[in-house]
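Chemist: Chains as they are written, first to last, in this note's numbering: chain A, 73 to 184; chain B, 1161 to 1275.
If you are wondering where the hints come from, they were derived from the structure by calculation, not from laboratory data.
Keep in mind that this is a model prediction, so the values were computed, not measured.
The beta-carbon is built from N, C-alpha and C at its ideal position, and this holds for glycine as well.
Among the hints, erroneous ones may be present.
Below, in silico cross-link-like pairs of lysine-lysine (DSSO-like), each with a Cα-Cα straight-line distance of 30 Å or less [to be verified]:
#1 B/Lys1204 with A/Lys75
#2 A/Lys89 with A/Lys135
#3 A/Lys171 with A/Lys89
#4 A/Lys171 with B/Lys1169
#5 B/Lys1204 with A/Lys129
Chain B is faced by these chain A residues, among others (derived, beta-carbon under 7 Å) [what the hints assert, rightly or not]:
#6 Ala91
#7 Tyr100
#8 Pro112
#9 Pro116
#10 Leu120
#11 Lys171
Which chain A residues stay away from chain B? Per the calculated CB distances, all over 12 Å, these [unchecked claim]:
#12 Gln86
#13 Glu87
#14 Thr90
#15 Thr92
#16 Thr94
#17 Asn99
#18 Asn125
#19 Lys135
#20 His148
#21 Gln153
#22 Leu172
#23 Pro184
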Amino acid sequence: SQKIEQNSEALNIQEGKTATLTCNYTNYSPAYLQWYRQDPGRGPVFLLLIRENEKEKRKERLKVTFDTTLKQSLFHITASQPADSATYLCALDPDSWGKLQFGAGTQVVVTP
Amino acid sequence: NAGVTQTPKFRILKIGQSMTLQCTQDMNHNYMYWYRQDPGMGLKLIYYSVGAGITDKGEVPNGYNVSRSTTEDFPLRLELAAPSQTSVYFCASSPGNGESTDTQYFGPGTRLTVL
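Bound-form chain A, shown alone (with noise of 0.2 Å):
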């Protein structure tokens, strides 16, 4: 199965800052690839997908960008707020039949 590596230690960012998350996978190259957030003691809450043939997407403050050559995905979150402090998780699909394969996630925390 596909082996998905985030940034397992927590990103401390001040206010304003752009907090950038790395996601990184081996094997295949699945057709698409999604971003999560995830507050304690909640489930999931989808964010972007982008897919394999989109270099770049962004959603307000935040952008995606999706790498197939070096199997990399960027997360930027710009003008970062305390309000963005949560885990951030990236998925991919191996088969576009929605059985997401999660990273661990990274650990975003922004002080004012």
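Once you have looked at the hints, place chain B on chain A.
Modeler: The following block gives chain B in isolation, referenced to the frame of chain A:
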């Protein structure tokens, strides 16, 4: 819409006991999923269903069973609970009708401890 609801929120089981985790969605989604999340680990797929009457195994199905008799409900059955099944269980659903297939909506989770 309530979205995806799960019951119970918390449960403690003794080794060898059985229980059913309930999951209901009111979005008329075709696809439903069960994941488990262990501390510091990514979510792992247990079972999934693409419609009523159709289920299939995910990555970690051993020790679990599912059924899908209606579009709305997708219960997960634990038989003979073991400490290794201590985890947080999430149910999710997605439309499964084309372009919007890809987004999954998650329930709040059930925290299960087996002692």
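Chemist: Which of the numbered hints are not met once you compare them with the structure shown?
Modeler: Numbers 3, 6, 7, 8, 10 and 22, in rising order.
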